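S.K.: The listed protein sequences derive, respectively, from chains H and R.
Here our numbering is used: position 42 in the first sequence is 42, and no number is missing along the way.
Here our numbering is used: position 221 in the second sequence is 221, and no number is missing along the way.
Simulated from the structure, these hints should not be mistaken for lab results.
Some hints could be false.
Any copy will do: because identical chains look the same in the list, a pair fits if it lies in one copy or spans two.
The calculated PhoX-like cross-link candidates involving lysine-lysine, where the alpha carbons are at most 20 Å apart (straight line), are [unchecked claim]: (1) 200 to 33; (2) 200 to 371; (3) 290 to 200; (4) 300 to 24; (5) 183 to 33; (6) 64 to 183; (7) 235 to 269; (8) 326 to 185; (9) 290 to 326; (10) 326 to 300; (11) 64 to 16; (12) 183 to 300; (13) 326 to 235; (14) 300 to 235; (15) 33 to 290; (16) 185 to 33.
These numbers were taken from a predicted model, which means no experiment stands behind them.
Protein chains: 2
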Amino acid sequence: MPEFLNLLLPSQALNKLSEAISFKPSEEIVSTKDALGRVISHPVIAPHPLPTFSRSAVDGYAVKARDTFGASESAPAYLRIIGEVPMGGSYQDEVNPGECVLIHTGGMLPVGIDAVVMLEYTQIIKESDVEILRAVAVGENVIMAGEDVEAGQVVLQSGTVLRPAELGGLMALGLTSVSVYQKLKVAIISTGDEIVPPEKILQPGQVRDINSYSLAGLVQNAGAEALVLGIIPDKEEALYQKVQEALALSDLVLITAGSSASMRDLTAKVITQLGPPGVLVHGINIRPGKPTIFGICRGKPVIGLPGNPISALVIGWLLVDPIIRKMSGIIQRLSKPVIYARLSANIPSQAGREDWIPVELVEQDDGILAKPIFFKSNLIFNLARADGLLCIPADQTGLLAGQNVEVYLY
Amino acid sequence: MPEFLNLLLPSQALNKLSEAISFKPSEEIVSTKDALGRVISHPVIAPHPLPTFSRSAVDGYAVKARDTFGASESAPAYLRIIGEVPMGGSYQDEVNPGECVLIHTGGMLPVGIDAVVMLEYTQIIKESDVEILRAVAVGENVIMAGEDVEAGQVVLQSGTVLRPAELGGLMALGLTSVSVYQKLKVAIISTGDEIVPPEKILQPGQVRDINSYSLAGLVQNAGAEALVLGIIPDKEEALYQKVQEALALSDLVLITAGSSASMRDLTAKVITQLGPPGVLVHGINIRPGKPTIFGICRGKPVIGLPGNPISALVIGWLLVDPIIRKMSGIIQRLSKPVIYARLSANIPSQAGREDWIPVELVEQDDGILAKPIFFKSNLIFNLARADGLLCIPADQTGLLAGQNVEVYLY
Numbered sequence: 001m002p003e004f005l006n007l008l009l010p011s012q013a014l015n016k017l018s019e020a021i022s023f024k025p026s027e028e029i030v031s032t033k034d035a036l037g038r039v040i041s042h043p044v045i046a047p048h049p050l051p052t053f054s055r056s057a058v059d060g061y062a063v064k065a066r067d068t069f070g071a072s073e074s075a076p077a078y079l080r081i082i083g084e085v086p087m088g089g090s091y092q093d094e095v096n097p098g099e100c101v102l103i104h105t106g107g108m109l110p111v112g113i114d115a116v117v118m119l120e121y122t123q124i125i126k127e128s129d130v131e132i133l134r135a136v137a138v139g140e141n142v143i144m145a146g147e148d149v150e151a152g153q154v155v156l157q158s159g160t161v162l163r164p165a166e167l168g169g170l171m172a173l174g175l176t177s178v179s180v181y182q183k184l185k186v187a188i189i190s191t192g193d194e195i196v197p198p199e200k201i202l203q204p205g206q207v208r209d210i211n212s213y214s215l216a217g218l219v220q221n222a223g224a225e226a227l228v229l230g231i232i233p234d235k236e237e238a239l240y241q242k243v244q245e246a247l248a249l250s251d252l253v254l255i256t257a258g259s260s261a262s263m264r265d266l267t268a269k270v271i272t273q274l275g276p277p278g279v280l281v282h283g284i285n286i287r288p289g290k291p292t293i294f295g296i297c298r299g300k301p302v303i304g305l306p307g308n309p310i311s312a313l314v315i316g317w318l319l320v321d322p323i324i325r326k327m328s329g330i331i332q333r334l335s336k337p338v339i340y341a342r343l344s345a346n347i348p349s350q351a352g353r354e355d356w357i358p359v360e361l362v363e364q365d366d367g368i369l370a371k372p373i374f375f376k377s378n379l380i381f382n383l384a385r386a387d388g389l390l391c392i393p394a395d396q397t398g399l400l401a402g403q404n405v406e407v408y409l410y
Numbered sequence: 001m002p003e004f005l006n007l008l009l010p011s012q013a014l015n016k017l018s019e020a021i022s023f024k025p026s027e028e029i030v031s032t033k034d035a036l037g038r039v040i041s042h043p044v045i046a047p048h049p050l051p052t053f054s055r056s057a058v059d060g061y062a063v064k065a066r067d068t069f070g071a072s073e074s075a076p077a078y079l080r081i082i083g084e085v086p087m088g089g090s091y092q093d094e095v096n097p098g099e100c101v102l103i104h105t106g107g108m109l110p111v112g113i114d115a116v117v118m119l120e121y122t123q124i125i126k127e128s129d130v131e132i133l134r135a136v137a138v139g140e141n142v143i144m145a146g147e148d149v150e151a152g153q154v155v156l157q158s159g160t161v162l163r164p165a166e167l168g169g170l171m172a173l174g175l176t177s178v179s180v181y182q183k184l185k186v187a188i189i190s191t192g193d194e195i196v197p198p199e200k201i202l203q204p205g206q207v208r209d210i211n212s213y214s215l216a217g218l219v220q221n222a223g224a225e226a227l228v229l230g231i232i233p234d235k236e237e238a239l240y241q242k243v244q245e246a247l248a249l250s251d252l253v254l255i256t257a258g259s260s261a262s263m264r265d266l267t268a269k270v271i272t273q274l275g276p277p278g279v280l281v282h283g284i285n286i287r288p289g290k291p292t293i294f295g296i297c298r299g300k301p302v303i304g305l306p307g308n309p310i311s312a313l314v315i316g317w318l319l320v321d322p323i324i325r326k327m328s329g330i331i332q333r334l335s336k337p338v339i340y341a342r343l344s345a346n347i348p349s350q351a352g353r354e355d356w357i358p359v360e361l362v363e364q365d366d367g368i369l370a371k372p373i374f375f376k377s378n379l380i381f382n383l384a385r386a387d388g389l390l391c392i393p394a395d396q397t398g399l400l401a402g403q404n405v406e407v408y409l410y
């Protein structure tokens, strides 16, 4: 099949498309409490230090450190307790040498205080006098104002995905709303004369639309909004119209091709017509998913995915997901996490091609077993059985049973 | 500190609480297209086989296999092309010996056909005659009806989380709605005289509520619904009333204690009052998060988390997340995925206690470096810098720089 000679490897194809995308997402202001998973669009600057005041890190007595110098169990220092720091308020009176104030974890240090002695190293001797059994240094058991964050410091960079910790940090600074990138809009078109909507009773030769819904799930998992635009028959004019509509509605268009070769050619033809530049990548050196097409039409990426639901999802996970995240403004610092497992069976592979194999993972006493799922096209429930995917790189001709492998959860 | 002697390890504490929970989530019917991340509450049974008809796996000619027996490039078989299988329809005419039908990938096999010859192994000799250059066996290049799924087969077990592949599979079967467990309701209460809502201008000694929002994010990430019930001062009666209200509204109650020891005691006291059985676990042999409390009140779990935002999130991730998933009906088959990294610095640890250390991950040419974040209490932006957590088990006294470690993304 000459059209598949000299194909790019998946990472090369991804780079080629990435470099051609000049999309910059718009911004919007959202309430911080609703911002989980959203992406920061402006560096967040601390309006004030954190903590805003010096606080005790322990329960104990707030002291002037020099009053405790030399104190030990055999030679305690004696201090007079002049009061208690109220939680959520400040201790107002002056503290003189030889005096101390009861303080709780998180309490505000009184003026003139520079350390806290833990309760464990003190002993009340009468109502208002306490023995200090251990010396403390200046700053000991104290969190200084600004120790977490200084005023004016950049606390979150643009491109940061907001996780629970970041939401908490924004709230600590009183930032109850936050500027984020708008969610990417991803249009999904299914094609094929044989494809019908899922609610339809099947006539002979018909199959229900799988890809619109599995890809919509993948798009949502990547933090974007999925626009399911329906099913188009194998007709050039109909596909052209629909892709044009999709380009007007969305930032990125996914087309799952009909399964026949002629239909795949149709997708490429329409992408070329709607360019320039049109088709950038036609076919990728990967299994499954070789017939994948990458293009740019009217400044927006258009991706032609194989009609086979397994191929569509594997390519979606491997190549569409990173495109969505990049276009969403996410700065991805780390590779995807893996589970290490022992392979249960030999897997042959063709040299020069990158293979991705769905595997089922089984936890055993001596570790995790990865059982490859050998599949024919179109068996969607085979993929539903899979926990993850493993890669056979292009320079290898297979993997051996017993070998340790990295499995990507998908 | 005698109250912390003989504490349970985190896994033991988790088991003790899990065993005491008898919660069974209710069910609801949702539209499959909106069911991403939801949990199947009834085994899903295939109403019909998949595929529903035998299909071609390739582009080629649908043949009677016996007509090709012995065919080769040097001695081809000759067949007459009597038509083309329409995509999305059936080929109606009878196929006699010596005849074949053009078929596309996914096309329905005509009656009397039992194999497909790939286009690459054929050659048109005149308009309606084709040379078959390779023999095919019965069933070759065919996906048989029911090969993916048989009618009546259980395709998804209860407790399965719906991922994109499962959504696609349900749609393939025409199952446009699905029975799932209702989302777990998790109430969150913050306590402490010093805590104020995030929108408030701070007075001396006050800090804004972090935990309500970071924990709400954690709850949502676990697939549950967070009910943020506000801030309660350090008063027994007020906390008692609020927990009572929370028990009426939710399936699981989280209380983040004020940071002082007296406030932690208050949480335990209220849980005991609202039992039986009340407090099951008071303090866990872990750092951070030692003052964690597990209890059951009126049949519902109540968890007292440390007030320190970092401790609250680490315990939330390690111990609350699995409780939420279990109560949500999820059957968790696998452990959490990890990233392998090389440790950048020595980390000391106390034997007999399990330590969890936030780390920043840095991708380098020779692998990933894990840089531990050594933190004092309450520095939320230190946790925002972290990519994951690593564990120092109770039987170890620390980790060494250069050592390979497993980092859990959190």
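S.K.: If a hint holds in the structure, say so; if it does not, say that too.
M.R.: Status of the hints after comparison with the structure:
1. In the homo-oligomer, the alpha carbons of residue 200 and residue 33 lie at most 20 Å apart only across protomers (15 Å), although the nearest pairing inside one protomer, at 40 Å, exceeds that limit.
2. In this assembly of identical chains, residue 200 and residue 371 lie within 20 Å of each other by CA distance neither inside one copy nor across copies; the values are 35 Å within and 55 Å between.
3. In the homo-oligomer, the alpha carbons of residue 290 and residue 200 never lie at most 20 Å apart, since the shortest distance is 30 Å inside one protomer and 57 Å across protomers.
4. For a Cα distance limit of 20 Å, the shortest separation of residue 300 from residue 24 inside one copy, 11 Å, qualifies, whereas the shortest one across copies, 48 Å, does not.
5. In this assembly of identical chains, residue 183 and residue 33 lie within 20 Å of each other by CA distance both inside one copy and across copies; the values are 17 Å within and 19 Å between.
6. In this assembly of identical chains, the alpha carbons of residue 64 and residue 183 never lie at most 20 Å apart, being 54 Å within a copy and 53 Å across copies at closest.
7. Only within a single protomer do residue 235 and residue 269 lie at most 20 Å apart by alpha-carbon distance; the minimum there is 11 Å, versus 72 Å between protomers.
8. For the identical chains of this complex, residue 326 and residue 185 are intra-copy neighbours only, at 13 Å inside a copy versus 34 Å across copies, given an alpha-carbon limit of 20 Å.
9. In this assembly of identical chains, the alpha carbons of residue 290 and residue 326 never lie at most 20 Å apart, being 23 Å within a copy and 40 Å across copies at closest.
10. Proximity of residue 326 to residue 300 under the C-alpha cut-off of 20 Å is restricted to the intra-copy arrangement: shortest distance 13 Å within a copy versus 43 Å between copies.
11. Taking CA atoms no more than 20 Å apart as the test, residue 64 paired with residue 16 passes in neither setting, with 64 Å inside one copy and 45 Å between copies.
12. For the identical chains of this complex, residue 183 and residue 300 are intra-copy neighbours only, at 16 Å inside a copy versus 37 Å across copies, given an alpha-carbon limit of 20 Å.
13. Neither within a single protomer nor between protomers do residue 326 and residue 235 lie at most 20 Å apart by alpha-carbon distance, with minima of 32 Å and 49 Å respectively.
14. Proximity of residue 300 and residue 235 under a CA criterion of 20 Å is satisfied in neither setting, with 22 Å inside one chain copy and 59 Å between copies.
15. Taking identical chains as interchangeable, the C-alpha atoms of residue 33 and residue 290 are never at most 20 Å apart, the minima being 43 Å within one chain and 28 Å between chains.
16. In the homo-oligomer, the alpha carbons of residue 185 and residue 33 lie at most 20 Å apart only across protomers (17 Å), although the nearest pairing inside one protomer, at 22 Å, exceeds that limit.
When the structure is compared with the earlier hints, violations turn up for hints 2, 3, 6, 9, 11, 13, 14 and 15 and for no others.
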